[in-house]
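2 protein chains.
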Amino acid sequence: MKLYFLGTAGSKPTLERNPPCIALAFRKDVILFDCGEGSQRQMIKRIKQSKIKRIFITHFHGDHYLGLPGLIMTMSLNDRKDPLEIYGPEGTIEFLSNLFRSGYMEIGYELMIRELKEDTLEFEGYSIKSFPVDHGVPSLGFIFMEDDRRGAFNTEKAKEIGLEGKMFSLLEEEGELEVSGRIIKLGDVTGKGRHGVRITYSGDTRPVKFPSEAKGSDVLIHEATFLEDSERKETYHSTVKEACEAADAIGAVRLILTHINSRYAQSEIEAEAKRHFGNVAIAEDLMEVEI
Amino acid sequence: MKLYFLGTAGSKPTLERNPPCIALAFRKDVILFDCGEGSQRQMIKRIKQSKIKRIFITHFHGDHYLGLPGLIMTMSLNDRKDPLEIYGPEGTIEFLSNLFRSGYMEIGYELMIRELKEDTLEFEGYSIKSFPVDHGVPSLGFIFMEDDRRGAFNTEKAKEIGLEGKMFSLLEEEGELEVSGRIIKLGDVTGKGRHGVRITYSGDTRPVKFPSEAKGSDVLIHEATFLEDSERKETYHSTVKEACEAADAIGAVRLILTHINSRYAQSEIEAEAKRHFGNVAIAEDLMEVEI
Numbered sequence: 001m002k003l004y005f006l007g008t009a010g011s012k013p014t015l016e017r018n019p020p021c022i023a024l025a026f027r028k029d030v031i032l033f034d035c036g037e038g039s040q041r042q043m044i045k046r047i048k049q050s051k052i053k054r055i056f057i058t059h060f061h062g063d064h065y066l067g068l069p070g071l072i073m074t075m076s077l078n079d080r081k082d083p084l085e086i087y088g089p090e091g092t093i094e095f096l097s098n099l100f101r102s103g104y105m106e107i108g109y110e111l112m113i114r115e116l117k118e119d120t121l122e123f124e125g126y127s128i129k130s131f132p133v134d135h136g137v138p139s140l141g142f143i144f145m146e147d148d149r150r151g152a153f154n155t156e157k158a159k160e161i162g163l164e165g166k167m168f169s170l171l172e173e174e175g176e177l178e179v180s181g182r183i184i185k186l187g188d189v190t191g192k193g194r195h196g197v198r199i200t201y202s203g204d205t206r207p208v209k210f211p212s213e214a215k216g217s218d219v220l221i222h223e224a225t226f227l228e229d230s231e232r233k234e235t236y237h238s239t240v241k242e243a244c245e246a247a248d249a250i251g252a253v254r255l256i257l258t259h260i261n262s263r264y265a266q267s268e269i270e271a272e273a274k275r276h277f278g279n280v281a282i283a284e285d286l287m288e289v290e291i
Numbered sequence: 001m002k003l004y005f006l007g008t009a010g011s012k013p014t015l016e017r018n019p020p021c022i023a024l025a026f027r028k029d030v031i032l033f034d035c036g037e038g039s040q041r042q043m044i045k046r047i048k049q050s051k052i053k054r055i056f057i058t059h060f061h062g063d064h065y066l067g068l069p070g071l072i073m074t075m076s077l078n079d080r081k082d083p084l085e086i087y088g089p090e091g092t093i094e095f096l097s098n099l100f101r102s103g104y105m106e107i108g109y110e111l112m113i114r115e116l117k118e119d120t121l122e123f124e125g126y127s128i129k130s131f132p133v134d135h136g137v138p139s140l141g142f143i144f145m146e147d148d149r150r151g152a153f154n155t156e157k158a159k160e161i162g163l164e165g166k167m168f169s170l171l172e173e174e175g176e177l178e179v180s181g182r183i184i185k186l187g188d189v190t191g192k193g194r195h196g197v198r199i200t201y202s203g204d205t206r207p208v209k210f211p212s213e214a215k216g217s218d219v220l221i222h223e224a225t226f227l228e229d230s231e232r233k234e235t236y237h238s239t240v241k242e243a244c245e246a247a248d249a250i251g252a253v254r255l256i257l258t259h260i261n262s263r264y265a266q267s268e269i270e271a272e273a274k275r276h277f278g279n280v281a282i283a284e285d286l287m288e289v290e291i
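So the protein lines, in turn, are chains A and B.
Heads up: the first sequence at position 180 corresponds to 180 in our numbering, and the numbers run straight through without jumps.
Heads up: the second sequence at position 65 corresponds to 65 in our numbering, and the numbers run straight through without jumps.
This is chain A alone, in the form it adopts within the complex (with noise of 0.2 Å):
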């Protein structure tokens, strides 16, 4: 799978940097994160706008979700059929029926609204936890949990059991099956399986405990809007530290900064972040992980 950041600002967009919005491409399906101003120009860079699934809004300052209605209409235009899925906290339903009417649009496809507070939700081959974060107005982070895997099928041990043909894919459907009276688990027949990747994204947030399925991740996109806790003033925002700090607690891999404030220079925040945390890069537009 792989990471874009389409957009890595903070409050205010600049000249190298677009209002934040983070694109997943997972198997055939892409998943956005957030769709700040001007998300659909950048995607024309890096990503098929056809193929975002479903969209995840953190919260509703301007910077994080006023892209959605021009890429909306653009896929309509683009003659779209597939239902679109948007995802946010309260106040989605309100604040996106109010952004559909001010203006003429038509949408020719689906579009299904749901409000998340702390909630999984299934999908295939992955799920996505939504939980509550710091910032002033109903807001939310997200973890991308891909499905474990299991292993390969040992398949000399398979056939001592007597598996053969279709029996194969209905113990994966099942999970067990009876073979000559015997009960066989799925694991009794596969080799060790592998963890699905995680990926945790706070959204906007001063420091929170995250949620125990962010343990272990192999990417947390953290904001990092200040350098120094005095210049944090009343504003909900962390400081490259802080988010330093939440990887360290969830014992995350690699530590990805975004809503980078235009303030410092580049070399100063990475100084910091270094500081503080091994495995860390500072995100750009257009940036590309894979994973």
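Worth flagging that the hints you see were computed from the coordinates, not collected in a lab.
A quick note: this is a predicted structure, and the numbers were derived from the prediction, not measured.
One or more of the hints may lead you astray.
Below, a list of computed lysine-lysine pairs in the DSSO-like style, where the Cα atoms sit at most 27 Å apart [claimed, not checked]:
hint	chain 1	residue 1	chain 2	residue 2
1	A	Lys12	B	Lys12
2	A	Lys28	B	Lys12
3	B	Lys45	A	Lys12
4	A	Lys12	B	Lys81
5	A	Lys12	B	Lys28
6	B	Lys81	A	Lys233
Fit chain B to the given chain A structure using the hints.
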């Protein structure tokens, strides 16, 4: 004065073209015509958004207004204090109030929103005339009309008559003045005046008859969505040829085509336009035109 073509796309943005947005820098102000998604980021390359005083929206199809909320928010984050004026067709007030209720928006300065039909607005040094066009939904075109300038003072003649000191500014303010019992008009002591610059913008429209104020425009900016009449089908847009005919009809000095459809090569549009109007250019993103 200077025109900046910040976005020149048709309904969908492309790699080369952002959605519609035209900025006119006149004296120390900037006036915006349309504000498609991503316009605020285009501005970073050409104009200071803090200088934008008033924005004219032709109509409420997404490509023409979806850059407004992001721009308005960024102005607020930049501590704007000056009021911002927004003008648009029937429906503007309701559409914008829905738009502002599509998320958490706090705006730290005053917005002045006004709906126009066929109206003439007087500002310092220029007027804007709005006129209805034919686009299926309430839609406007706009004419920017710089005030006419008086000719220079003929100082010899003025001295002969007996004008001196503060009398010059008094005459200029009042238009006429009594000097030694004789009524002197401003025109008596000034040379030939200069007509103010006129710029007409069609917005999106099928061919319409422009108001008489458009006659002799220095620049006509006209949409040119199609090459062939047969491609238009049920849509309310113009062909390149029709845009050229409009320029002919008002006796425009110069024609600039915009709202460029990604399905054509630039060279095709150029060749077709040159067949029908001499002084014609195809707008490109970030193009600047000094007038």
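Against the structure, the hints come out as follows:
1. A:Lys12 - B:Lys12: holds (23 Å)
2. A:Lys28 - B:Lys12: Distance of about 24 Å is within 27 Å: holds.
3. B:Lys45 - A:Lys12: Given that 27 Å is the threshold and the Cα spacing comes to 15 Å, the pair holds.
4. A:Lys12 - B:Lys81: holds (18 Å)
5. A:Lys12 - B:Lys28: holds (24 Å)
6. B:Lys81 - A:Lys233: holds (22 Å)
In the structure shown, no violation is registered for any of the earlier numbered hints.
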